[in-house]
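J.: Please construct the entire structure, taking both the sequences and the accompanying hints into account.
Residue numbers (our numbering), protein chains in the order written: chain A, 1 to 238; chain B, 1 to 238.
Mixed in with the good hints there might be a few duds.
Copies of the same chain look alike in the list, so a pair counts if it works inside one copy or between any two.
Claimed, not checked - Derived lysine-lysine pairs resembling BS3-like cross-links, with alpha carbons at most 25 Å apart:
{"hint": "1", "residue 1": "K92", "residue 2": "K17"}
{"hint": "2", "residue 1": "K104", "residue 2": "K156"}
{"hint": "3", "residue 1": "K17", "residue 2": "K156"}
{"hint": "4", "residue 1": "K17", "residue 2": "K187"}
{"hint": "5", "residue 1": "K187", "residue 2": "K53"}
{"hint": "6", "residue 1": "K104", "residue 2": "K92"}
{"hint": "7", "residue 1": "K104", "residue 2": "K53"}
{"hint": "8", "residue 1": "K156", "residue 2": "K187"}
{"hint": "9", "residue 1": "K17", "residue 2": "K53"}
{"hint": "10", "residue 1": "K187", "residue 2": "K104"}
{"hint": "11", "residue 1": "K53", "residue 2": "K92"}
{"hint": "12", "residue 1": "K53", "residue 2": "K156"}
{"hint": "13", "residue 1": "K187", "residue 2": "K92"}
These aren't lab readings, by the way, just hints derived from the structure by calculation.
Protein chains: 2
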Amino acid sequence: MGSATIFFWLQLPNVTKNYRTALTITGIVTLIATYHYIRIFNSWSEALTVASKDGGDYTVQLTGAPFNDGYRYVDWLLTVPLLLIELILVMKLPQAETVSLSWKLGLASALMVALGYPGEIQEDLSVRWFWWCLSMIPFCYVVFTLAVGLAEATSKQPSPAAASLASAARYLTVLSWCTYPFVYMVKSVGLAGPAATMYEQVGYSLADVLANAVFGVLIWAIAAEKSAVEESGKLLPN
Amino acid sequence: MGSATIFFWLQLPNVTKNYRTALTITGIVTLIATYHYIRIFNSWSEALTVASKDGGDYTVQLTGAPFNDGYRYVDWLLTVPLLLIELILVMKLPQAETVSLSWKLGLASALMVALGYPGEIQEDLSVRWFWWCLSMIPFCYVVFTLAVGLAEATSKQPSPAAASLASAARYLTVLSWCTYPFVYMVKSVGLAGPAATMYEQVGYSLADVLANAVFGVLIWAIAAEKSAVEESGKLLPN
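T.: In structure tokens, the structure reads:
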């Protein structure tokens with residue numbers, strides 16, 4: 001995540017002004033994720049200890065300190081609206097549409113994360129499902145808006161290469177986003193204890209790398225391709 | 001806050017020279033806030049402990065170490081005058097007016113913070129109210145000057161988009177500033193103990209995000225819009 005941030009920011013001079021705000025935000029998303037993954041790492045290390053008794057096998061034990069999954073939700077509360085905004089910005093829609101889409105998708109996605117958290121910290125399975133269902137309402141709205149909106153935007157890209165990248169961003173968005181509700185269900189189907197928490201953490205972490213870093217690389221590729229088209233356009237007579 | 005700093009500074013090359021000082025200061029405000037929030041976070045962590053006894057529910061307990069709210073006042077003493085100056089600079093008033101307004105509002109707002117602190121660290125309710133009232137004198141002067149001055153400045157902005165952003169900055173200033181005296185009153189109306197401190201900290205933190213980071217984004221948007229107007233003006237014959 002941290003390396004992705006540095007990559008995006010060092011690429012800023014290589015794209016035209018039109019895409020610098022998108023690329024700046026792309027790097028901020030992975031920076032915020034880097035910070036929270038360090039917090040999650042430290043919380044995980046404090047909650048678990050690995051030790052060998054009398055030279056025997058190493059075993060993992062709970063230390064009694066809580067593993068705080070709240071860091072992940074604070075991370076999402078900040079990064080999810082921002083990564084939707086970076087996607088909207090790189091599409092370079094008319095300004096009024098950019099502003100209205102950013103507000104609508106940004107607020108809906110923040111609501112989605114906020115509604116997921118009360119269920120995530122619950123042991124009671126029916127309460128978990130209740131919040132999962134509530135959170136799925138803004139989730140479906142955002143994913144549907146993206147799938148439709150990106151299909152439209154794809155056809156308006158200035159070159160075949162940009163169109164194929166925008167189409168890849170569309171599939172990656174739908175794929176990575178749909179991972180989260182399934183990982184959330186790991187504990188809702190009755191799995192519990194440290195093993196379930198481990199599967200959940202692995203799932204969320206993989207989905208985050210796809211949705212933040214890999215997705216960011218696509219945003220950069222779109223910005224670079226469109227910058228190249230704009231710059232070659234300047235040199236040609238109309 | 002830290003992400004906001006990086007965003008503002010990475011945007012420096014994208015605005016004209018006229019707005020770079022404002023944008024630099026905008027990033028300094030959120031940087032100072034980042035530093036103090038790390039201090040506040042550490043002080044909070046040292047004052048409280050979360051533990052589970054014998055595998056039971058996790059409970060929050062006081063460790064006996066003090067939670068030092070002084071960091072917040074030192075933060076405000078530096079950031080509040082600076083954020084008023086960033087607002088004055090982005091309005092691009094005549095130079096004499098910029099200097100005189102910066103001095104007047106900067107000193108009044110520093111006085112406001114300094115007069116608030118003696119009451120904040122008091123348990124005695126009447127003493128809290130005494131300092132609250134004293135601090136409200138410079139507070140009212142600053143908010144009134146801003147509300148009137150920004151209304152005037154709004155009408156002089158070079159484009160409708162800049163005027164609507166300046167108007168948004170005006171409302172956000174009044175809204176975010178008015179949050180503080182109410183949060184201060186949480187403890188003045190007789191609430192006490194860790195819960196009251198928690199509500200107070202949540203309130204101040206939300207108000208700070210609005211007054212520093214969100215307000216800073218508005219300052220950047222004004223600077224970007226006015227830079228675009230200035231740059232397009234250069235290309236056109238008058």
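J.: Look at each hint and say if it fits the structure.
T.: Hints and how they fare:
In this assembly of identical chains, K92 and K17 lie within 25 Å of each other by CA distance both inside one copy and across copies; the values are 12 Å within and 24 Å between. In this assembly of identical chains, K104 and K156 lie within 25 Å of each other by CA distance solely inside one copy; the values are 22 Å within and 31 Å between copies. Taking the shortest alpha-carbon separations for K17 and K156, only the intra-copy value of 20 Å comes in at or below 25 Å, while the best inter-copy value is 27 Å. Neither within a single protomer nor between protomers do K17 and K187 lie at most 25 Å apart by alpha-carbon distance, with minima of 45 Å and 49 Å respectively.
In the homo-oligomer, the alpha carbons of K187 and K53 lie at most 25 Å apart only across protomers (24 Å), although the nearest pairing inside one protomer, at 31 Å, exceeds that limit. For the identical chains of this complex, K104 and K92 are intra-copy neighbours only, at 17 Å inside a copy versus 32 Å across copies, given an alpha-carbon limit of 25 Å. Neither within a single protomer nor between protomers do K104 and K53 lie at most 25 Å apart by alpha-carbon distance, with minima of 56 Å and 45 Å respectively. Taking the closest pair of Cα atoms, K156 and K187 never come within 25 Å of each other, the shortest separation being 42 Å inside a single copy and 57 Å across copies.
For a Cα distance limit of 25 Å, the shortest separation of K17 from K53 qualifies neither inside one copy, at 60 Å, nor across copies, at 57 Å. When the C-alpha separation of K187 and K104 is checked against a cutoff of 25 Å, the pair qualifies neither within a copy, at 30 Å, nor between copies, at 37 Å. Within a single copy, K53 and K92 get their C-alpha atoms no closer than 60 Å, and across copies no closer than 55 Å, so neither meets the 25 Å cut-off. Taking identical chains as interchangeable, the C-alpha atoms of K53 and K156 are never at most 25 Å apart, the minima being 64 Å within one chain and 60 Å between chains.
Neither within a single protomer nor between protomers do K187 and K92 lie at most 25 Å apart by alpha-carbon distance, with minima of 40 Å and 49 Å respectively.
Taken one by one, the earlier hints fail for this structure at numbers 4, 7, 8, 9, 10, 11, 12 and 13, listed in ascending order.
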